[in-house]
Structure formats: structure tokens, C-alpha cells
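Dock chain B against the given chain A, drawing on the hints supplied.
Take a look at the letters that make up each chain.
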Amino acid sequence: MNGQIGVYVCECGPNIKDRIDIDKVLEDISSLENVKVAKRFPLLCSNDGKKFLEEEIVKEELTHLVVAACSPREHEQTFMTVCKQAGLNPYLFQLINIREQCAWMIPDKEQATAKAIQYIRAGIQRVAFHRPLEPKEIDSIPDVCVIGGGISGLETSLSLAGKDRRVYLVEKTDSLGGMAGKLSKLLPYQGSELSSVEAKIKQAQDNANIEIFTSSEVSDVRGFLGNFDITISSHGESSEARKIQAGAVVVATGFGLYDPGNDSQYGLGQIDNVITALEFEEMLGKDKLLLKSGKPPKSVALIHCIGRKELGYCSKVCCLYSIKFAHRLKDMSSDMDVTELYMDLCLPHKSDQAYFDEAKEKGIRFIRSGEDVFVKNKGTQIEVEYDRDGQKDSITVDMVVLAPAMVPSEGTTSLAEMLNIPLDKTGFFKEIHEILDPISTPIEGVYIAGCAVGPRNIPESIVQSQAASGKILSSLIPGKKIKPEVKVSEIREDFCTGCQTCLSICFYGAISYDPIKDVSVVNEVICRGCGSCVGSCPSGAIRSKHFTYPQLYREVLEALR
Amino acid sequence: MEESNVLVIGAGLSGMKASLMLAEAGVHVDLIEKDSLIGGQTIKFEEVYPNMECATCMVSPIQQDVLQNGNIDVHLLSEIEHVEGKAGQFKIKIHKKARYVSLVNCIGCGACYEPCPVSVDNTFEEGLCQQKAIAVACAGALPNVPVIDAEQCLRLNGKDKTCKACQEACMFDAIDYTEKDETLDIEAGSILVATGFDLFDINKLPQYGYGKFPNVYSAMEFERLYAQNGPTQGELILRKEKDLKSIGIIHCVGRKEMGYCSAVCCMYSAKFAHFLKHKVPEAKIYEFYTDLCIPGKSHQKFYEATREKGVDFIACEDVHVDSQKDNLQILYTDGKGKESTVDADMVILSPAMIPGKDTEQLSKILGIDCDQRGFFNSQNEQLAPVATKKEGIFVIGCAEGPKDIPDSIAQAEASVGITLSQSR
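Taken in sequence, the protein lines are chains A and B. Taking our numbering, I'd label the letters of the first sequence as residues 1085 to 1645. Taking our numbering, I'd label the letters of the second sequence as residues 3 to 426.
Note that these hints are calculated values from the structure, not bench results. From the three backbone atoms N, C-alpha and C, an ideal C-beta is built for every residue, glycine too. Be careful, since some hints might not be right.
Quick list of simulated restraints, FRET-style, between CB atoms [what the hints assert, rightly or not]:
hint: 1; chain 1: B; residue 1: G236; chain 2: A; residue 2: R1157; range: 19 to 29 Å
hint: 2; chain 1: A; residue 1: N1607; chain 2: B; residue 2: E181; range: 48 to 58 Å
hint: 3; chain 1: A; residue 1: A1283; chain 2: B; residue 2: V122; range: 32 to 42 Å
hint: 4; chain 1: A; residue 1: N1173; chain 2: B; residue 2: N73; range: 20 to 30 Å
hint: 5; chain 1: B; residue 1: Q66; chain 2: A; residue 2: Y1633; range: 49 to 59 Å
hint: 6; chain 1: A; residue 1: K1269; chain 2: B; residue 2: I367; range: 48 to 58 Å
Pulled out of the complex, with its shape left as it was, chain A reads as follows (with noise of 0.2 Å):
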């Protein structure tokens, strides 16, 4: 190549100057082939730094720059920013680190310097090799479309719809409201009542902004952050398929219950008497907790953590909805007697603890019951066996009500193949990163909010949908473009051979297959730079576009040498 390479070595005050000896590594490198100018300043960073660099890169015409100064953590920005300035494409930069991983490591300077000299070289290698690449810009759809009608999808459909954003909410059921719909009364503090849901379906319902599309269900999902193309199909049987673009999929699709019936142990579905805890908010609702004999009942067990043992997880609502259900049998009658059996009682947020104590003071016994409970016929009532550290006991009661594990909800699995992202261990969505990351997926543009990522109460749940709004709203502006990644992957279709290896490999679902041309292509809106299809192909034919092969072997060649 004919490149006229400038090398600027930084001295970061004492830092580098006091240790490596800067002199000896310009001496070296000056003479080095492509190397048209190598020079020492004081601070780079520092506003008289940049200026110098800038100056040099236009009075001596360079092609490509090298500084040689501290991590690229701390100042790539800085310096690419400086190329710019001086209209040079700031991928035809090339940072060393001779601070931390020189300077600040090898004690003897001679050694530190030797070491410097060759990352010095290596880089000058590596930059030579390096192409100016373009920053892309695209437009974006801000409309969105919300996958479930609960309290989740809701609130995300409410704080999302403006007068410049359209939300699409599509719910499988014929009615809005989800699980929180089917409650009779929500958990009492600071005053909040069931009525609060149907306000949030009503305001949907009268909100021009929100489409609501109900018996439906996205059938096909296609598209990238800013531009998905979404079908969405009716159960009815002479409506159409609805063809829409979104820039963004919220899914808020809830949970299910475990099935308790398939375990005998509980008696559910076979003694009179036995029921679940929805079983029980429906009687609430109607007023009509009664026995089969059409009896009120007299006393009452509440049994834990029902599935919690097979399904590996702790469903976090159980234990303060089961005290919510002691509550209101002792409001109904204080002579209840209300028996509550659970293995550990998980009360995590501030106010729980406060209504335990309560319930507690209205004389609602606790046992801690341990795994083992059994529940039996006694006549016209109900034995419950339970097993609490090798003690065998056991009280008899006239109604049983079982509080199953949350699940993840039906058609989980297929929303996720259609949406490519991933479910975790337990079946429920997975979030791209479980503790800084929440609401997101490793799709960009698709995010999950409420108990489709897992077990969660009211008020959890409308943090994350509130959250998976800000995500949007502070992602996909109306009239703003998208800018994508620049350093993305490339595939040379004379190479590829058609074999889809990355396809499986690529985590963020950026490769497609082109069965005409029988190659992969990479969608550079998507990716994300990563490189692993770049390892992963057996014809050599993908390269990522800042990591070329010779740009690495170069690099590494100098620095073996």
C-alpha cells in the first residue's frame, strides 16, 4: 500500500513518559515502511492534544493515524472524533494501549518499552489494512404493536398511544382484562380496587390511538427494530388476516396456572370441596362462596406453593394472595376458622410483612407445612396430612383451596419461535440480560413485559410495561432515524456455500437464507458486530467488516514476531 501513516505516542504526563522510554520507540517506528511522520506530546486528550492532532493530520496528509496512549475505553471516542474533525474516516484509526497494558504493568522500563515498540508495530500493521467504513441511517415506523390485552399490555398500550404513535393491541381472548380481569378484588392497600382495571380498559377502548384487535392473534412476524411487518389474524371464520408495520412488538402475554389435577395428592377434581385459588376469586366475585351442599363453609385450609417443587421456582404472588383470601374469610365471618400451610412464607415487598401481621392478629392460624401435604376424604369434610420435620399432623377442614405455581402461558412457545427470541429454563421469556436488562430481548425492537417473563405481581408488572414504554419511547422517536451498527458482518456470496451454519449460530436473528441464491445474507440493520458467525463458518466466507482476516493476521503476526 501507498498509506502515509502519522504516529502520535502520548506522554499521559509521567505516566508513560516516566516508564517507557518514547524517544527509542520513535526511533524505531519512524523508519518503519508506510510510517510518513511519528511524534511524542505531552497529553493527547487535553484540548491542546487534540488540536495538535487534528493540525497534523491535515498538514502532513495522512491516511491513517495511530495514537499510542491508554485504554480504548477511555478515549477511542475522543481520538475517532478528532479524525473527524480533521476529514479523515475515523475507522482508519488505530488505538494503542501503552498505558495499562505497558506503562502500568512492567515495572522494568526497558521491557515496558521493548513491549510498546511491539504494539506499536502491530497497530501500524493492522491499520494499514484498515477500509473507511460509513455510518447508515434508516427510517422508522413509531407505531407498536402489543401482544396481550391484560393489565401489562394495557398500561403499555396506554403510554404508548399519542397522537404520532399508533398501538396495535392484539388479545387471543374476546375480552380485555387478562388474569388480573378475573380477580375479584385486587390487594387492598391504599385504596385500590378492581374498578382501576376496567378504567384501563375503557380509556383503551375510547383511546383513537389504540386499534384493539380481540379473538386475534399475531400469525407472522417479520422485520427489524423500526420496520416489522406484522399479521395479525381473527378466530372468526370470514374475518381476514390484518396486514401492519410496527416499529416495535411488546409482548405481554401473560401466564397460566399449574395444573394441580395431575397430582393426586391434592384430591383436586376428586373430593367435593377441593378448589384453586381462581376457583376461589370466582366465587368471591360472585358472592357465592358456598359448599357443594350450598353451605357456607366453616372452616377453611389454604395450601402453598402448589407445582413449586416440580416446576423448581417460587411463583412470588402465592403466599400474600393466600393471606388475602384469609383476610376476606374473616371479614365474611370471624368465626372462620383459616388454616394457611405453606413451606416459606416469601413476603418481599415492604407493605406485605405488615398484612401478614395482621392477618395473624384476626386469628388465622400459619403452619409451616413443609412439602408433604396430603389431602383426603372425611366424610362429608376434608382431612389435610402434612408433614413438618418428621412430625406427622393433620387438621380437617370443610373447604380446601390450592394456590398453584404461575406458568408460563399457553402458545409461549410458539410466539417465540415466531418472534425469534429465546425462553429460558422455565419456559418463560428470557430477558437478553436477567439483571441490567429486563424488558429486553436479544431481537432489538421486541420487548417483554409482566409474567410473560415470569412470575410477578400487579405492580411489578406495570413497572415493566411502563418500562418496555420507556424503551420505546425513548428509542424509536417519531421522524428520527435509526442509526445501525456500523462494524457489522458481511457475507462474499462466491464463498458461502449455502450451508446455514450461522443461522443458528447468530444471536440477535440477523441472518436470513436466500434459498434462490442458496446463500446466507446478513441484515447489517440488525447485526450487531459481533463476530460469531464469522468463526462459525466452514467456507471462510463471512468477515466482519472491522476485523478482516488480514487486518487480524497482520496484527498478530507483528506482535508474535
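This is chain B only, laid out in the frame that chain A set:
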């Protein structure tokens, strides 16, 4: 109403995440932090459950993003003095303490520490080691610029007005003893309160022997003890040297007194056991708990894996710590009401999360409520969990109550969602 400026109080994980999202949306953010560094409590952790990821590795890119973002003005050593106005037009007065070290000139080389004649307890390290009166809190602190402790510095506290040891050592002209505290006036459309939590003062509970027996540690002390960038570089060097054959971890310290469960202690106590089993595999480890609170889809697996490593989980009540000869003793009443004892060489106490100490004062300045436990109150705990009774003010993360990192982050993102939603 277009949202042009938002004030975020507290630069922990919640505050940083919210700031970055707002900045991405083109909103200018003033991020106020009372400490000299950003990152909050999370940067004190070596690893976080359930995947045992390195916390500093997770958080430091976020810290860098915050410091380098052109839409975010970070105000360190700053506290809110006064707030007036309403949603859309809050006027805020901020008191900013002098740092005496220029954030622009300083490159973080650390040449100024050594010559400083004054050593003080390092509070970031829970007092487990000392630092100079000019120092950064720990290796990797961001911004990597020291601060002078004006109360301890001989020149600034008047004990030796001629001392200029640090200034002489600095090659970048970064130290300025004449810097004064300032008052900043800021206008903002919304305010996000992300002031985090404190920990229950275990000195109030003498039954656990903290302060009396040297090898009884608080959870945060233990976090620093096992941190690679902590005072012992991750080595378990105890206050009183001891071979670690038996270690007890006591949950729920202060729960009864505070009247709530802190949601995270069971899991981080199990995390400690994971770490200890790795570090001292032959040691017996006991966890003393009242109720295991391990909600969420992945936490029980983590607990089961901990048990499989041979960690003993004991459900019990009335735990207290005593000492016999050279050993610590943990006394407890088990589920059947039987009293038992376990010998231990080290005890770790997991204290309740409590409201940050400035919560009440800040609630008065902002005109929002606190609940009976002293945390900020949301507008409606069930249906509007991050809004407050005052329009335009939101409360996120542990300032609202104990919660784990993902729940805090979700709240941060939610507050951004509502802020942007309302400002269209």
C-alpha cells in the same frame, strides 16, 4: 409540553440507567450525586446473584457512558437544597461542595496520595482500611479523580496552612485549595428520585455480638472483604486471624425491628456461601434464616445449587452470637422449639435495607410523602408504583422500598416511560 430537562437525584444504578435512557431520547439530564463518585452501592459488590457476574465489569461501562454522554451533566458532591414550582417548571437549588481537584485537569495518576500526611478511615471500604485525606474511594472508582476531605486535610482544616504536599506532587495543575462550595440553579420538567438505601445499624442489636467480637462482620464488610478491588484484594484476612473451619451467615438482622422483609438478603447470603465454598472449600457453612424469600424464576435453582455444595440451611428463631474461649458460638431455636448451638470462626450478619438517611429531609424539600417505614411513598403501591402524589416527581429503585437490581432497573425505565409519555 416538551420534556427538555430532567433532574435525577442519585447516581446509583437506577439513576444512571434512567439518565442514559432520557439522554438517548434527546432529553438533557442533570444528575445529582452527593458522593464524589458515581455507581452507588452496586459497585461495592464483587459478584451479583444468580449468575455470579462481576458487578464492576457490569456497571463500569454504564458509568463511562454516563460520564461521556453529552446530554448528561453530572454534579458530584451535590445535594438538593430547595425545590419550588410544579411539573414542567421545577426550579431547583443545589449545593455543590468543593472537590479541590479539577475534573478536567486530573488524569487520575494518583501521584498526590502518597505525599499526603493524613490517613483516615476509608468509609467506602466500611472502615476496613485507611486512605489519605486526598484519595479516590477504591481502585476503579469513576470518575477516577480524587477528592480532598476538607475536614481532614491539614491545610483546609487550618492545622497546617502551609501544607501543599499534594499540589506539589501533581503534574497537571489539578489541585486548587481555593475552590469554594457553589450553589447551582437548575430548571427541570420532571424529577426522578433515585436515592437508594442504607443498611440497618447492627450496633443496635447487641445479641449478634457485632463490635464485641472482632470476627462478626456485616454483609457489606464481607462484600468488600471478598472484592478483588477491596482492602484485602479478595483475600479472607479476618480482623482476628483464624483458620476458617466454620462460618455462620445470619439472615433477617433487623427485620423484626423494621417490620418488613428486605427481599434480597436470602439470595445474597446464599451468594456469600457460594463464594465461601469456592474460597475455603473445606469450611462448614451455615445459613440461619426465618423464611426463605427467593422469589422469581431463577432464584430457587441458585438456592438448590448452594445446598448441593454442602451449605446447611437452618430454619430457626431467636438467633444470637456468643463466644467461648477462642470460638464464636451461634445459639438458636429450631423449628421444633429445641435450642441448639453451632461453633463458628466467622459470623456474617445480613441486615435489613432501610431508607437512606436523607430521605425524610428530601421528602420535605420535594413535597412528597414517606410511608410508615420511612421509604418514599408512591402514588398508589398497586397501580402507580413509581409516580408520587406530586405530579412530575417519580421515585425509583430502593428509595421506594427494598428490591433487587432488575426490579430497580425496571422502575428506572418505567419512570422514563411515564416522563416521556406525559411530555408528548
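Note whether the CB distance of A:N1173 and B:N73 lies within 20 to 30 Å or breaks it.
holds, 26 Å
Return holds or violated for the Cβ distance of A:A1283 and B:V122 against the range 32 to 42 Å.
violated, 56 Å
Can the suggested window of 48 to 58 Å be confirmed for the beta-carbon pair A:K1269 and B:I367?
violated, 37 Å
State, for the Cβ atoms of A:N1607 and B:E181, whether the hinted interval 48 to 58 Å holds or is violated.
holds, 53 Å
Look at the Cβ atoms of B:Q66 and A:Y1633 and judge whether their distance stays inside 49 to 59 Å.
violated, 30 Å
So the hint says 19 to 29 Å: do the beta-carbon atoms of B:G236 and A:R1157 match that?
holds, 23 Å
Hint check: violations occur at hints 3, 5, 6; the rest are consistent with the structure.
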